[in-house]
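K.L.:
Chains A and B, in that order, give the protein sequences. Residues 1 to 115 in this note's numbering are what the first sequence lists, from first letter to last. Residues 1 to 116 in this note's numbering are what the second sequence lists, from first letter to last.
Treat the hints with caution; some may be incorrect.
[Claimed, not checked] Here are the simulated distance ranges between beta carbons: (1) A/Leu115 with B/Gly41: 18 to 24 Å; (2) A/Ile60 with B/Gly41: 33 to 39 Å; (3) B/Gly60 with A/Thr79: 40 to 46 Å; (4) A/Ser73 with B/Lys15: 41 to 47 Å; (5) A/Pro75 with B/Lys57: 25 to 31 Å; (6) A/Asn84 with B/Thr113: 26 to 32 Å; (7) A/Lys14 with B/Arg61: 42 to 48 Å.
Treat the hints as calculated values from the structure; they're not laboratory data. Ideal placement from N, C-alpha and C gives every residue a C-beta, glycine not left out.
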Amino acid sequence: DGGITQSPKYLFRKEGQNVTLSCEQNLNHDAMYWYRQDPGQGLRLIYYSQIVNDFQKGDIAEGYSVSREKKESFPLTVTSAQKNPTAFYLCASSIGNRGHTGELFFGEGSRLTVL
Amino acid sequence: QQQVKQSPQSLIVQKGGIPIINCAYENTAFDYFPWYQQFPGKGPALLIAIRPDVSEKKEGRFTISFNKSAKQFSLHIMDSQPGDSATYFCAAGREISSGSARQLTFGSGTQLTVLP
Numbered sequence: 001d002g003g004i005t006q007s008p009k010y011l012f013r014k015e016g017q018n019v020t021l022s023c024e025q026n027l028n029h030d031a032m033y034w035y036r037q038d039p040g041q042g043l044r045l046i047y048y049s050q051i052v053n054d055f056q057k058g059d060i061a062e063g064y065s066v067s068r069e070k071k072e073s074f075p076l077t078v079t080s081a082q083k084n085p086t087a088f089y090l091c092a093s094s095i096g097n098r099g100h101t102g103e104l105f106f107g108e109g110s111r112l113t114v115l
Numbered sequence: 001q002q003q004v005k006q007s008p009q010s011l012i013v014q015k016g017g018i019p020i021i022n023c024a025y026e027n028t029a030f031d032y033f034p035w036y037q038q039f040p041g042k043g044p045a046l047l048i049a050i051r052p053d054v055s056e057k058k059e060g061r062f063t064i065s066f067n068k069s070a071k072q073f074s075l076h077i078m079d080s081q082p083g084d085s086a087t088y089f090c091a092a093g094r095e096i097s098s099g100s101a102r103q104l105t106f107g108s109g110t111q112l113t114v115l116p
């Protein structure tokens, strides 16, 4: 079945540690995204990538980093510089072609808790 | 101008009721308006979407009403069921730059509870 796989589903981190969240898609989509979800704040865009080896900052990129070395993979690193990293992180993809609606397909999320 | 404002934050209805969730936007460059449904611990999934050239779209029990002049759109759920209990997000999409994929801006979400 085609879809987006995020791992791990739950992750605990000590303050000062970097952690990397994995996102893999087999939908052959060009564009991939990372969103952060906090209660009452909707989905906020962290980074997005429209093509391999290229990515752009979203609205809340500070304290995060990404890479896009392969079309199917878009890992997110939450660095120690992120002041409030405890959140639910969602990876998404879309076809990415110009003129397409932009419909997003989401993974099941990774919940990060900083102890 | 990038914001999408969604209300109410939470909503409780009886089974069979018609919950209505409202969204408003400012940027007239938005040209795609989807609604996403999210169950606890899961990622959101597309429920229904509308383009600004129509005023209403129905899919099953879900209807989007769109008012272009007021820059508002809403989701109506007919004959609501306990299984509809979820968080609903509206969004608005536009091309960020020429040739780019369309980007979505999300509302803050509405937690809907349908009582049996």
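K.L.:
So the hint says 33 to 39 Å: do the beta-carbon atoms of A/Ile60 and B/Gly41 match that?
P.N.:
Violated, since A/Ile60 and B/Gly41 (Cβ atoms, about 22 Å apart) do not stay within the stated range.
K.L.:
Per the hint of 26 to 32 Å, is the separation of the Cβ atoms of A/Asn84 and B/Thr113 within bounds?
P.N.:
This hint holds: roughly 28 Å between Cβ atoms.
K.L.:
Are B/Gly60 and A/Thr79 spaced within 40 to 46 Å by their CB atoms?
P.N.:
holds (44 Å)
K.L.:
Can you let me know if the beta-carbon spacing of A/Lys14 and B/Arg61 is within 42 to 48 Å?
P.N.:
holds (47 Å)
K.L.:
How does the Cβ-Cβ distance of A/Ser73 and B/Lys15 compare with 41 to 47 Å: does it lie in that range?
P.N.:
Since the Cβ atoms of A/Ser73 and B/Lys15 sit about 43 Å apart, the hinted range of 41 to 47 Å holds.
K.L.:
With 25 to 31 Å as the target window, see if A/Pro75 and B/Lys57 comply at their CB atoms.
P.N.:
This hint is violated: roughly 37 Å between Cβ atoms.
K.L.:
Just tell me: holds or violated, for the beta carbon distance of A/Leu115 and B/Gly41 against 18 to 24 Å?
P.N.:
Holds: the Cβ-Cβ distance is about 21 Å, inside 18 to 24 Å.
Figure legend: structure checked against the earlier numbered hints; hints not met, in rising order: 2, 5.
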